[in-house]
Amino acid sequence: MTIATSVTKNLETRGRLPDDLPGDLAVWMFIYAELLVFGVFFITYIITRSNNIELFNQYQLTLDVRLGLINTFVLLTSSFFVVKAVNATKRDNKNKTVFWLSASVLTGLIFIVIKSYEFYSKYSEGVNLSTNSFYTLYLSMTFFHYMHVMLGLVILTAMLLKATKGGYS
Amino acid sequence: MLDVKATIVWLLLMATTLTIFLLSQFGFEQQLLVALMLAAVWFKGQLIIDHFMGLRRVDILWRLIVSLWLFLS
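So the sequence lines, in the order shown, correspond to chains A and B.
Note that numbering that gives the first Met the number 0 has the first sequence beginning at 0, numbered continuously upward.
Note that numbering that gives the first Met the number 0 has the second sequence beginning at 0, numbered continuously upward.
Because the hints were derived from the structure by calculation, they are not lab data.
Since the structure is predicted, the reported quantities are computational estimates derived from the model, not experimental observations.
All C-beta atoms in this analysis are idealised placements derived from N, C-alpha and C, irrespective of residue type, glycine included.
Treat the hints with care, since some could be wrong.
[To be verified] The list that follows gives simulated cross-link-like pairs (lysine-lysine, BS3-like), each with its CA atoms no further than 25 Å apart:
| hint | chain 1 | residue 1 | chain 2 | residue 2 |
| --- | --- | --- | --- | --- |
| 1 | A | LYS89 | A | LYS161 |
| 2 | B | LYS43 | A | LYS164 |
| 3 | A | LYS164 | A | LYS121 |
| 4 | A | LYS95 | A | LYS161 |
| 5 | B | LYS43 | B | LYS4 |
| 6 | A | LYS164 | A | LYS93 |
| 7 | A | LYS93 | B | LYS4 |
| 8 | A | LYS114 | B | LYS43 |
| 9 | B | LYS4 | A | LYS114 |
| 10 | A | LYS93 | A | LYS161 |
[Said to hold, decoys possible] To be clear about the criterion: a stretch of chain A counts as covered by chain B if any three or more of its residues have a C-beta under 8 Å from a C-beta of chain B, and this derived list gives those stretches:
| hint | segment |
| --- | --- |
| 11 | 100-112 |
| 12 | 130-143 |
| 13 | 154-163 |
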């Protein structure tokens, strides 16, 4: 028995796993584990910044905030499309489920393209993990987030393939 | 969540993001801007937790874990 199934069984027998919790417990364990990692990154960033405020202020200005704005819009929109896909599934509308999942994958890919361009630009300027403590953290955190989105895209693509075969109802 | 409600939440998230970006670009007073930014992060995070992650009506424990994470971060 895996840890996840053991925890699920334990929670279910104690009546603490709510029926209306979307998805299954394994997904939530994964989400909470990711929150923990991001939390550690944020705390490390805050502590390191408090010891290097001038350096962080200086190098923050070397980032393109417009790309950050566009990518925030893109990810919010991609998430919105997933909500639309879930709603379509609840209405048993296969075509719309496929449509909104496709739209979500597409917008996720836009994020990947923009972020890859940013990484390439920085690399071309000679910036890397060893440049300074700001870029060590910035590149680590954004690359972890980049991989998080990549994994999300793999999951969404698998869901899309399943949806095209009428796997959700 | 209804499609209309989801659309309103999405528009709110986009509008809040754009507002904070514009304030940061037009020389808004720094300390006030930081306070507004933190409030916006909280507001957006809670909207995502409640509506996009679907935790609004779930057992409070599941919602609190994410909300507390947002607060501490």
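Each hint, compared with the structure:
The hinted pair formed by LYS89 (chain A) and LYS161 (chain A) meets the criterion: a straight-line CA distance of about 15 Å does not exceed 25 Å. Note on LYS43 (chain B) and LYS164 (chain A): the hinted pairing is violated, with a Cα-Cα distance of about 35 Å set against a maximum of 25 Å. A hinted pair counts as satisfied when its Cα atoms are at most 25 Å apart, and LYS164 (chain A) with LYS121 (chain A) does not qualify at roughly 42 Å. In summary, the hint linking LYS95 (chain A) to LYS161 (chain A) is supported, as the alpha carbons are separated by about 14 Å, within the 25 Å threshold.
Taken as a hint, the LYS43 (chain B) and LYS4 (chain B) pair is honoured in the structure, with Cα atoms around 15 Å apart against an allowance of 25 Å. Restraint check for LYS164 (chain A) and LYS93 (chain A): the C-alpha separation of about 9 Å stays at or below 25 Å, so the hint holds. Proximity of LYS93 (chain A) to LYS4 (chain B) is assessed by CA-CA distance (about 21 Å); at most 25 Å being required, the pair is judged to hold. The suggested pairing of LYS114 (chain A) with LYS43 (chain B) holds, with an alpha-carbon distance near 22 Å, which does not exceed 25 Å.
Distance check on the hinted pair: LYS4 (chain B) and LYS114 (chain A) sit about 30 Å apart at the alpha-carbon level, beyond 25 Å; violated. Simply put, LYS93 (chain A) and LYS161 (chain A) have alpha-carbon atoms about 10 Å apart, close enough for the 25 Å limit, and the pair holds. Coverage of a stretch by a chain is defined here by at least three residues with a beta carbon nearer than 8 Å to that chain's beta carbons; for the segment 100-112 of chain A and chain B the count is 0, and the condition is violated. By the rule of at least three residues with a Cβ nearer than 8 Å to a Cβ of chain B, the coverage given for the segment 130-143 of chain A is violated, with 0 such residues.
Counting residues of the segment 154-163 of chain A whose C-beta lies closer than 8 Å to any C-beta of chain B gives 0; at least three are required, and the coverage claim is violated.
The structure is inconsistent with the numbered hints 2, 3, 9, 11, 12 and 13, although it conforms to all the rest.
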